[in-house]
Amino acid sequence: MEILWFSIVAFMIIMYVVLDGFDLGAGIIHLIAARTNAERRMVLNAIGPVWDGNEVWLLAAGGTLYFAFPRLYASSFSGFYLPLMIVLWLLILRALGIELRHQVHHPLWTSFWDRAFSLGSLLLAVFFGAALGNVVRGVPLGPDGYFFAPLWTTFEVQPEAGILDWFTVTMGLVSLCTLTMHGSTFIAAKTEGPVNDRARTIATWSWWGTLSTSVAAMAALGAVRTGLWDNYTHAGWGYVFPLMAALGLVGVRAFMRRRHDRIAFLCSAIFIAGMLASTAFGMYPVVLPSSGDPSLSLTVHTTITQEYGLAVGIIWWAIALLLAVGYFAFLFRTFRGKVRVPAEGEGY
Amino acid sequence: MDDAVTIHRLHFAFTAAYHYIFPQLTMGLALLIVILKGLALRRGDNLLHRAARFWAKIFALSFAMGVVTGIPMEFQFGTNWARFSTFAGGVIGQTLAMEGMFAFFLESSFLGLFIFGESKLSPKAHFATGVMVFLGAWLSAYLIVATNAWMQHPVGYAMNADGSVRLTDYWALLLNGWILWQYLHTMAGAVVTGAITLGAVGAYYLLAGRDTDDGRLFVRTGVIAGLVSSILVAFPTGDGNGKLVATHQPVALAAMEGLFETREGAPLVIIGQPDMEKLRLDNPIHIPRMLSFLTYFRWEAEVRGLDAFPREDWPDNIPLLYYSYHMMVGLGTIFIAITALGTLFLRRGRLFTSRTLLWVLMLAFPFPFIANTAGWMTAELARQPWLVYGLLRTTDGTSLTVSAGNGLFTLLGFLGLYFVIGVLYLFLLLRLIQKGPGHSSQRPA
Chain A
1 MEILWFSIVA FMIIMYVVLD GFDLGAGIIH LIAARTNAER RMVLNAIGPV
51 WDGNEVWLLA AGGTLYFAFP RLYASSFSGF YLPLMIVLWL LILRALGIEL
101 RHQVHHPLWT SFWDRAFSLG SLLLAVFFGA ALGNVVRGVP LGPDGYFFAP
151 LWTTFEVQPE AGILDWFTVT MGLVSLCTLT MHGSTFIAAK TEGPVNDRAR
201 TIATWSWWGT LSTSVAAMAA LGAVRTGLWD NYTHAGWGYV FPLMAALGLV
251 GVRAFMRRRH DRIAFLCSAI FIAGMLASTA FGMYPVVLPS SGDPSLSLTV
301 HTTITQEYGL AVGIIWWAIA LLLAVGYFAF LFRTFRGKVR VPAEGEGY
Chain B
1001 MDDAVTIHRL HFAFTAAYHY IFPQLTMGLA LLIVILKGLA LRRGDNLLHR
1051 AARFWAKIFA LSFAMGVVTG IPMEFQFGTN WARFSTFAGG VIGQTLAMEG
1101 MFAFFLESSF LGLFIFGESK LSPKAHFATG VMVFLGAWLS AYLIVATNAW
1151 MQHPVGYAMN ADGSVRLTDY WALLLNGWIL WQYLHTMAGA VVTGAITLGA
1201 VGAYYLLAGR DTDDGRLFVR TGVIAGLVSS ILVAFPTGDG NGKLVATHQP
1251 VALAAMEGLF ETREGAPLVI IGQPDMEKLR LDNPIHIPRM LSFLTYFRWE
1301 AEVRGLDAFP REDWPDNIPL LYYSYHMMVG LGTIFIAITA LGTLFLRRGR
1351 LFTSRTLLWV LMLAFPFPFI ANTAGWMTAE LARQPWLVYG LLRTTDGTSL
1401 TVSAGNGLFT LLGFLGLYFV IGVLYLFLLL RLIQKGPGHS SQRPA
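Listed in order, the protein sequences are those of chains A and B.
In terms of our numbering, the first sequence opens at residue 1 and continues consecutively.
In terms of our numbering, the second sequence opens at residue 1001 and continues consecutively.
Hints listed in this document are in silico derivations from the structure and should not be mistaken for laboratory results.
Any given hint could be a false lead.
What the hints assert, rightly or not - Over 12 Å on every C-beta distance to chain B, these chain A residues come out as not near it, computed from the model:
id, residue
1, Leu221
2, Ala223
3, Thr305
Claimed, not checked - Cβ-to-Cβ under 7 Å is the rule here; a few derived chain B residues that face chain A:
id, residue
4, Thr1006
5, Met1073
6, Glu1074
7, Thr1086
8, Gly1089
9, Ala1097
10, Gly1100
11, Met1101
12, Phe1102
13, Phe1105
14, Gly1112
15, Tyr1170
16, Ala1172
17, Leu1175
18, Ser1399
19, Gly1405
Ideal Cβ placement from N, Cα and C applies to all residues, glycine included.
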């Protein structure tokens, strides 16, 4: 049951990052890839009908985490209090940018919300990366399983570290580059003309950024936390995840060059899924490491809810997932193909 | 204000009350839009199509506001109420996770299709997406009410060795006896908000002498739906809720009614101010014996007052609870009166020319929001001092690691952000109303 629910939660987080990742990425490149009002509306209409559904994966992943590992939810959400509140404000700002921009046709109004949308997306990408960095690095857990992390202390990796230190900031940059690449391949796949050209250029640049920051982060990982490779030596099949990530990253470049934008986007999704799955595989059974005494780390065994609840949960969760996959298939199918800018006053 | 528990309570109370402005409108409108759209398809009536499209725009704007203010609610269970989550996560994790998995996916996927898919879907398929959005919204409400009902009246659980609870009966949680009346009461209240908003916008158009065909349709729909829903709010759903409180939370009933002393033939207080020092009601206006009758169907029945309960089990803010309850009941009665009058005038064919009544309908629009908020405040304040009734006190549920200073920082942040959101929402809402339904007449190409 522990392995199953750990995998389910990991799966939902991966789905969130892959899906909302491309509309966050679209936000990051919004101001650069799209210059005119029509071009910006093209970007917004590409993500418009789906971004809200994508973001629901965050809520559903959070809900599932709360359900399966209530103690982990309580400890991590109260400990990461300040960054989570900032994430909430950024999510609100960004959502307003998408949903309010098209309500008024005035250059001052639209340019303000374009910037809000873009800045919100960019900062969220950095924060999500830093959040992953914190979960990998560990936090100062007390004997009661709780902690409280300030936003920053000395920017050095140490037991009493803040949310932002050099390692987590590096992870923030990995995330920023990766989601920029992810979003630009998506926008390239959904558009034609100048927006498509610019998105492809950005995809190429961010591909190099992703490659170099990922390598730097992996090199730094050894200095921050040891033992992440232990699971791989015990269960060799786990290497399939890093392999997936590597092939995905190579695929992005290869298919971009051949102008297969959609396949490049899928490769980018595989890269993200592979990276996150590799991390989850390496962490198990720890779900929140202690930066001090390792015996205080929270594991799946100490945080999981009771047997009966999990047994019921697996039934409804499976039904709900099948339904959700059905809705998404229908939704993406209805809005498939290159995006067309609707008349002013309709769409985004 | 330097006490962390107070800050966490204000934090949740403010963000929840503010959030609920939007869902009550969208849940009510969802039903009304489905009805308008269904009638439009059946009759092939362009006016009804236009009405459905116009209200879908207002729905979409309000829904977006509901989404952005709703995300902080789920987060706060962990951020501000960590000990509560550790205690109760094994039970209410079920309903909260189900809301995300079943309701949110349904709503969000089909909302995109409903708002932007009219040109890509057949009319029937487009109508079906509207029905799905409605189902998602109402399912979401069911699971939230189920969560709240468990906190009001815990069932289907057992205690663990470490003092937290675990689920032992899934169906008891989902079919908790508390849910039925609370859910129907909440949803009927949401329809009142939707209906009165429809009526108010219609009344505005008629008074301003513009979009009069649409205005008549909105007013007619608003008063009829408003009458049906406001009657349902009072009876049987409000009455059913009251009986549950009387049975399971008698101390809360005494506080809501402002009954300090146990007595036979207890009066029903209409107006009066609780004096918590002298423990009595100042300036009371009451109906003799009515409370006994309404609670037990006997004029002479004994109703237990606050004096029958130990003081540490009294709700900790009795005046606010008392006022919330009386505002809810008072406004609910007024809604029945004005929508009944509207329906009467409609039958006599005088509704659209009676400017006085149209003014009343137009100015009524903020009040269902106030009544619904007061209703939730009644439910939540009546549960105090418990977070989970009889099991966990509110003071034992907060996050110990989050200090009052950090809590106040984010509370102030939310106050500022939500003020801006409120201004933007009103600006855009009034703009949509000002543009009018004429802009929605064409089926998007």
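We went through each hint and held it up to the structure:
no., hint, result
1, Leu221, "27 Å, holds"
2, Ala223, "28 Å, holds"
3, Thr305, "5 Å, violated"
4, Thr1006, "17 Å, violated"
5, Met1073, "10 Å, violated"
6, Glu1074, "6 Å, holds"
7, Thr1086, "5 Å, holds"
8, Gly1089, "2 Å, holds"
9, Ala1097, "4 Å, holds"
10, Gly1100, "4 Å, holds"
11, Met1101, "4 Å, holds"
12, Phe1102, "5 Å, holds"
13, Phe1105, "4 Å, holds"
14, Gly1112, "4 Å, holds"
15, Tyr1170, "5 Å, holds"
16, Ala1172, "12 Å, violated"
17, Leu1175, "14 Å, violated"
18, Ser1399, "4 Å, holds"
19, Gly1405, "11 Å, violated"
Hints 3, 4, 5, 16, 17, 19 from the list above are not met by this structure, while the remaining hints are.
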